[in-house]
Structure formats: structure tokens, C-alpha cells
Amino acid sequence: MPDDPKPTVRRRVLGTNLRRLREERGLHLEHAADQLSCNPSKVSRIESGRSPIRPLDLKALLDLYEIEDTATRDGWLSLARESRKQRWWRVLEDRLPQDFLDLIGLEEDASYCRGFEPGVVDGLFQTGSYAEAVIGGGSPGPLDSDAQTKLDVRLERQKALTREENPISTWVILGEAALRQQYGSVSTMRTQLGHLLELSHLPNVTLQVLPFSVGAYRGGPLPFKIYRFPAPSSMEVVLTESHVSHTYLEGPDDLAYYADVFDHLRATALGELESKALIDEIRQESTE
1 MPDDPKPTVR
11 RRVLGTNLRR
21 LREERGLHLE
31 HAADQLSCNP
41 SKVSRIESGR
51 SPIRPLDLKA
61 LLDLYEIEDT
71 ATRDGWLSLA
81 RESRKQRWWR
91 VLEDRLPQDF
101 LDLIGLEEDA
111 SYCRGFEPGV
121 VDGLFQTGSY
131 AEAVIGGGSP
141 GPLDSDAQTK
151 LDVRLERQKA
161 LTREENPIST
171 WVILGEAALR
181 QQYGSVSTMR
191 TQLGHLLELS
201 HLPNVTLQVL
211 PFSVGAYRGG
221 PLPFKIYRFP
231 APSSMEVVLT
241 ESHVSHTYLE
251 GPDDLAYYAD
261 VFDHLRATAL
271 GELESKALID
281 EIRQESTE
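In this text, residue positions in the sequence shown follow full-length UniProt numbering: the first is 1, and each later residue adds one.
Calculated from the structure, these hints are not laboratory results.
Restricting the straight-line Cα-Cα distance to at most 30 angstroms, the calculated cross-link-like pairs of lysine-lysine (DSSO-like) are:
(1) Lys59 x Lys42
(2) Lys150 x Lys276
(3) Lys159 x Lys276
Construct all of the structure, not just a fragment, from the sequences and the given hints.
Written out as C-alpha cells, the structure is:
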């Protein structure tokens with residue numbers, strides 16, 4: 001099977017967790033390679049996500065790693081099957097940067113995400129008009145083709161919240177600035193704030209607001225998200241954003257730091273009911 005220079009997120013998750021299983025048992029690449037009767041480089045490519053793994057090879061590795069529970073083995077095999085599928089966004093590889101494609105894959109495959117957006121409404125929660133204003137960056141006139149593609153993809157990503165099978169559970173803390181900074185018209189902002197209130201009633205959405213009154217807070221005004229994948233991996237990935245790219249962090253120290261920052265923010269932010277009240281108050285203040 002040929003290597004994939006742009007492996008899917010799910011394939012990387014599968015490979016990373018296979019490596020974790022191997023290392024937890026004190027085994028080296030050579031042990032796994034002997035089990036599969038292959039070169040260690042093949043195992044390395046599987047663990048990096050560059051090569052898919054056949055179900056027969058996966059079963060052999062699960063035997064080596066002493067994974068005997070039937071349900072757990074079925075979970076690994078299901079993860080492997082899903083990692084081989086081509087997803088809807090893969091047709092956009094020539095039009096979108098790889099780090100953005102990875103973000104789509106995270107939201108499609110993760111079971112839970114939590115994060116902080118200090119200055120703009122989270123992309124999963126944006127209305128079409130608000131998203132168009134954000135992506136347009138204040139430029140007059142219609143979006144160009146690249147920006148329009150980003151808008152279309154952003155709206156498609158939002159289906160992860162309401163899909164029938166395993167909608168992603170989301171806990172987002174918005175800075176008060178995200179509610180007050182006007183993107184688009186006053187009507188656009190009123191509609192956006194109303195949309196936030198509607199989404200906050202979904203059973204898989206938790207929404208809090210960090211008010212201006214709290215002053216300084218841990219982590220600073222930098223957006224981030226922590227994505228968690230379902231069993232059997234239960235792996236987590238931190239996403240940080242800049243003006244030009246996304247960065248993905250998987251190290252234990254990074255995960256521990258951002259988990260601690262999030263816990264501080266959720267303890268400092270308004271409760272859910274108070275957050276909804278503030279959103280509604282700001283919405284009612286908005287008049288043409």
C-alpha cells in the first residue's frame with residue numbers, strides 16, 4: 001500500500017495509539033515487525049499515519065499487545081476501517097492548506113472538544129452572515145473564490161454539532177469581546193447572538209462567557225481547543241491558532257497545560273444561566 005503524504009487525522013490517531021500500546025508494553029519496532037513479518041520501516045509508517053493498516057495486520061498487533069477484550073478489539077478494527085475512508089473535504093486538498101484540512105478532520109472525528117475564543121464567536125457557532133463578515137475581514141464587496149470556499153467549508157463543519165450519529169460534544173468559553181465586536185451589520189450581530197442562545201439549549205453544547213470584569217486571567221487572550229477522540233484511543237490534541245496557520249500539540253506537557261488553563265477559565269467565567277442572560281442582554285442592546 002503506498003504512503004499517503006497527507007494522512008487523515010483518524011489514521012494519525014490510529015497510528016499514534018498503536019505506538020502507545022507498543023511502548024506501554026516495552027516493545028520495539030522490531031518486535032512489531034517480526035509479528036507482521038515485515039520491515040520495521042513499515043511499522044513506523046503505520047504508526048506515523050503515512051500508511052494504512054490491513055485488518056489482518058491490526059489483529060496480529062492486537063494479539064502481540066495482549067488486547068483480548070472483544071469489544072475493545074472491535075473498536076480498534078472500526079477505527080482502522082474509518083481511517084481508510086475518503087472524506088468529503090479531501091476533494092479540497094488543492095484549495096485549502098493542510099492544517100485547515102486537519103481541523104476539519106478533528107471536528108469530524110472527535111467525540112468532544114473544549115476551548116476558549118476570546119475575541120470572535122467560535123466557528124462551529126457562527127451564522128452564515130457572521131462567518132462571511134469574519135472571513136471577509138472588513139473588505140467591501142463579495143468574497144473571492146478562496147474565501148467563498150472557506151465560508152462553504154465552515155458552514156459544512158457545523159453539521160458536526162447536529163449530526164444524527166454521535167454529534168460532537170462541545171464546551172466553549174467565549175470572551176465578552178466576542179459578543180460585542182461587531183462583524184457585519186447590527187442585524188447580523190443580533191441574529192448571531194440569538195443563534196448562540198439557540199445552540200446553548202442543545203444537550204451536547206455547553207456555553208460560558210468570560211466577562212470583562214474578571215480582569216487578567218490564566219493563559220492570556222489566545223484561542224485554543226482541546227479535541228478528544230472516542231474509545232479505544234481516547235487521545236487528545238490541542239489546537240492553537242494564529243493569523244496564518246493552525247498548530248497541533250500532542251505532548252503530555254502541552255495537554256496538561258491547556259487542560260489546566262481551561263479548568264481555570266471555566267471556573268472564572270459566568271455560569272451557563274448567567275452567560276445566557278448576558279448574551280441576551282447584549283442582543284437586546286443592539287439596535288439599528
